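Participant: The residues making up each chain are set out below.
2 protein chains.
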Amino acid sequence: MTRPLCPQMPSDIEIAVAQIPKLVTEIAEEIGILPDEVESYGKYKAKIELNILDRLKDRSDGKYIVVAGITPTPLGEGKSTTTIGLAQALGAHLQKKAIACVRQPSQGPTFGIKGGAAGGGYSQVIPMTEFNLHLTGDIHAITAANNLLAAAIDARMFHEATQSDKALFSRLCPPKKGVRSFSKSMLARLHKLGIEKTNPTDLTDEEAARFARLDIDPSTLTWHRVLDTNDRCLRQITVGQAPTEKGLERKTAFDIAVASECMAVLALSKDLADMRARLGRMVIASNKAGEPITAEDIGCAGAMAVLMKDAIKPNIMQTLEGTPVFVHAGPFANIAHGNSSIIADRIALKLAGIKEGDDESQNGYVVTEAGFGADIGMEKFCNIKTRVSGLKPNAVVLVATIRALKMHGGGPAVTAGKPLDPVYVEENLELLEKGCGNLGKHIENAKKFGLKVVVAINKFSNDTPAEMALVQEYALNVGADYAVPADHWARGGAGAVNLANAVIEACSTPSNFNFLYDLNQPLSKKMEIIAKEMYGADGISLSPEAQAEVDRYEKQGYGDLPICMAKTALSLSDDPNKKGVPTGFTLPIRNVRLSAGASFVYPLVGDMSTMPGLTTRPGFYDIDLNSETGEIEGLF
Amino acid sequence: MTRPLCPQMPSDIEIAVAQIPKLVTEIAEEIGILPDEVESYGKYKAKIELNILDRLKDRSDGKYIVVAGITPTPLGEGKSTTTIGLAQALGAHLQKKAIACVRQPSQGPTFGIKGGAAGGGYSQVIPMTEFNLHLTGDIHAITAANNLLAAAIDARMFHEATQSDKALFSRLCPPKKGVRSFSKSMLARLHKLGIEKTNPTDLTDEEAARFARLDIDPSTLTWHRVLDTNDRCLRQITVGQAPTEKGLERKTAFDIAVASECMAVLALSKDLADMRARLGRMVIASNKAGEPITAEDIGCAGAMAVLMKDAIKPNIMQTLEGTPVFVHAGPFANIAHGNSSIIADRIALKLAGIKEGDDESQNGYVVTEAGFGADIGMEKFCNIKTRVSGLKPNAVVLVATIRALKMHGGGPAVTAGKPLDPVYVEENLELLEKGCGNLGKHIENAKKFGLKVVVAINKFSNDTPAEMALVQEYALNVGADYAVPADHWARGGAGAVNLANAVIEACSTPSNFNFLYDLNQPLSKKMEIIAKEMYGADGISLSPEAQAEVDRYEKQGYGDLPICMAKTALSLSDDPNKKGVPTGFTLPIRNVRLSAGASFVYPLVGDMSTMPGLTTRPGFYDIDLNSETGEIEGLF
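Same order as they appear, the protein sequences are chains A and B. For this note's numbering, count along the first sequence from 1 and bump the result up by 1050. For this note's numbering, count along the second sequence from 1 and bump the result up by 1050.
If we strip away everything but chain A, and leave its shape as in the complex, we get:
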């Protein structure tokens, strides 16, 4: 998180390396994970075995808190820092069982302008180098799975284009020791085609041809390759230009790895079998008859699941104060749902929960973070993530900053890499008051889900007592259950004890959690509900393309999926320049896309870049190894 200069504070990396982490095995033991349930990857990170859920199945769940934020400035308002600071306060200061659940950051942008993402100040995940680089290889596994499917699609199109039906069938089911056989995925495809035969020699020529020829319409192909690198020149490419490819070239693109549907699948899977099934359901194109073609049809969903079999196990690390942190999955918050994994939350909730007969006071807390502003991250947390998991959140912590509220009140633009305007570092109650409406709208939104709302006013060093008091009073007036200044960036968990106590109180009485819409409504109706209720739009308008896509998905049987809006986080509206609480606008939906494996439909509201670039002087210039000590220099 980027902060104005604060001369007393050491830098994030100085703070992080000054702290000697506990062994991850110790962290795991403290939270009740058995030695056999943890798989160390070095000293400070480990994977948790999924069978822990069997052992703990009779426990109640701990309290479930989602951290969301107001509409942010481009610098971010400290949701991650607050998630970590709150967990530190609950665990290290109030002696509660407490686990933070966060997303794994994308590695590519670490070498661009972003720097590391591990909280900030005295509220961080450590070691931050391991958190930001490779971790335990989950994103690499996703990259491998995603690209295996991509290679398989193009290879299949090549083989179909260059072989007769008969040759194709014969090569798909070659004799092994004289016997032809179908693989599991081939049997699934036959079943889908209504051919209930299990012996390749029993198929008629017509059946063999239908089975063998996927007949993909290249113009409908949506599956991209991915890399965890900021590589702008891969945004649009032509492949298949080697002489071996016999002229079968086509345009396609690379996205950054975390934009892969495989990442969204990982985050939304309930268990290994669910992940395997979801990978198989992913739609990569339509055939020339307009029917969806899936990864199962391509035959490599099983192999993708094999590549991701360790990635599905959550990673455990720790905060600066030794509180456990689960780091797992990091899907995009626009074209995907921007939340960490269901599996990590489930395990954390069981570890935090209590056995029958235990005292309720021993119940613990799981603090999970939702990406972007609450209009996006919290909405998707509630309508997509918890709908799959069946877990009921108790409260939302809404992170607000004086800086962002001043911007919403009409303050000048806040831009990464440029000095802040003086209004952001001097007291300005008038501007601040004007901007509070944005916080009010997010409080109202959270209330629509029946959640307890705790506003965390994340303190920066220049914020004045009068400014903090103004926001606190405003929040309580417009319906927040609690509103608490928090100073965990400068003071660690100690700075978030009041916030933690408010969260404990908020969770002590039941919430009335509910979804914003029913799945059985038409796709466009669900989009409209989100646009009106969350964004304050008058309604939505679908482009002709978007309407056609909606019609196709409904016809193909995907009409009952939830909606995952791909919208800017920088405004409640579709226009990043409209701050505060925009009204009187219609949400324009240009295109609608399907993630059938992740199980949502995502309308595109504006341009969403899925491949970042590198500036003239990217971060990598300053990153190096100290050849004598082997330490990393310049990463943060």
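Quick caveat, the hints were computed from the structure, so don't treat them as lab data. All values derive from a computational prediction rather than experimental measurement. Be careful, since some hints might not be right.
Identical copies go unnamed one by one, so any copy, or any two together, can satisfy a pair.
What the hints assert, rightly or not - Straight-line C-alpha distance at most 30 Å; calculated DSBU-like pairs for lysine-lysine: (1) Lys1227 with Lys1468; (2) Lys1575 with Lys1497; (3) Lys1442 with Lys1107; (4) Lys1442 with Lys1405; (5) Lys1468 with Lys1247.
Here the structure of chain A is known, so what remains is to put chain B in place on it, guided by the hints.
Facilitator: Chain B alone, transformed into the frame defined by chain A:
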């Protein structure tokens, strides 16, 4: 390794999963690695910290044995299996300290037609799933480093094309809190340009322009992107076609990850500082004046080293019989040198060695494998790998099979996936005798390096005693120091005890190891020596392009590098169809390429594919997770 059907034997995967591995911490302890020097990645694989070399620096090295082979059939003749079987015999049966050092297999081909690579039968590395998939992420780290450089190159060309000298310089050295500064790599570039200034504001306009403008000649760009996926349609592509790239499109390619020069650098680095320096020296293009442009000039060699900081630590696993195996690096054997890492060998030799005052009988053995036939793998092991490491091998184990020798004697073609001709499964002494010359040539070659030669006749179930005896007698007659039938595939280490005893005896007297050529000879002279001495060619012929490339590299100061021939392994000559001992041919060199970071020049003798494809029914069709047990099915 592919074998003819042997009804008594269980499959490789059945054998592998029937054995419960020891904990990797136990394996490490047994070989004398301290707990602090090992970093577990799960239960059965770990990384070894490089500082172990400081602790053991006063020890002598153990005995150093390289396993090479005769010219193979396309099915492979069991070098990996022999490496593992020999280590099992030395360690588990003869109670010697013994460590096998092998390459990490590429993951991509695992989903194509190759299947896993971990030895075979009762001589395997386990767990084979972890060996073949992800391992500890080294190849993923190489992919990330390779592709960061690729993205940085294209981004730099884009920024140079769209900015004035002044703007470019200003953006490369932007003011931070009012002060402009150079990064470490920028200072290295200035030094290279002869500009000994350290303050950006001191540069003249002309100096600033020279510094800022790399002026890459796009037609000389050799750096490819990589993926660890068999993706044929990336063999030739056009990038930069998005509107954001302003028309700066160009043709380029993806290779499979293990073909990256970063992999060769990893394998040849002596330590972390050496790896960092080699990454910086990698040449990615020439500028328009014909001068080499390096990764250091691009400014991201330090960041690449950071991405590879864990990859440089060798991985430890185990054989079926609990012998330690170091798995580290897997460079191509044609465009690179095809040997596992120097660092792994160095650590293994120190662990196998003895302290002053220890009894010589306690000295141990390190068995390392060289890829392809001995004309390639062993030659590069001796002339490239040991020249960098300074380590002196004691003996070579030359693996021969009756099957391959019959092929060299004129037997019909051996093709993967097709049934073997009866001559290969029935006794045929005449054909066998005719083919022994190939073995003879490899023995002669090994002798040219002054090495003790132990021929291992790797027994297949159909091989007859008369056939084994014929090869044994032949080998001893033409100068092998030892020739021993070995049956470790069927019997594990017990089947290689005689081989192990021969190796022990061979290592008990000194070898007279020497290089085949001096580095200070001209590049083409060094190529000629290899062609004549190793391949039996009459000489070499350079195409005009190759000659121009040789001239350029010598002018640029790369003339003293060793040669890394990119030649087929399927013949001693350049023509894979010429079996036995081809004579009367001139080796045609079509192009010559430079790996300045790995530090060799590689002449291209024929087409070398650096990106495999997928067949109509690739292996992935049969690979799946058992959703109930989570076990992998169909991988091998």
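Participant: When no copy is specified for Lys1575 and Lys1497, does a C-alpha distance of 30 Å or less occur within a copy, between copies, both, or neither?
Facilitator: Only inside one copy: Lys1575 and Lys1497 sit 21 Å apart there, 81 Å across copies, limit 30 Å.
Participant: State whether the alpha carbon distance between Lys1468 and Lys1247 is at most 30 Å within one copy, between copies, both, or neither.
Facilitator: Between copies only: 28 Å across, 66 Å inside.
Participant: Is the C-alpha distance from Lys1227 to Lys1468 at most 30 Å within one copy, between copies, in both cases, or in neither?
Facilitator: between (69 Å within a copy, 10 Å between copies)
Participant: Should Lys1442 paired with Lys1405 be assigned to within, between, both, or neither, using CA atoms and 30 Å as the limit?
Facilitator: within (19 Å within a copy, 63 Å between copies)
Participant: At most 30 Å between alpha carbons: which applies to Lys1442 and Lys1107, within, between, both or neither?
Facilitator: within (17 Å within a copy, 59 Å between copies)
Hint compliance for this structure: no hint is broken.
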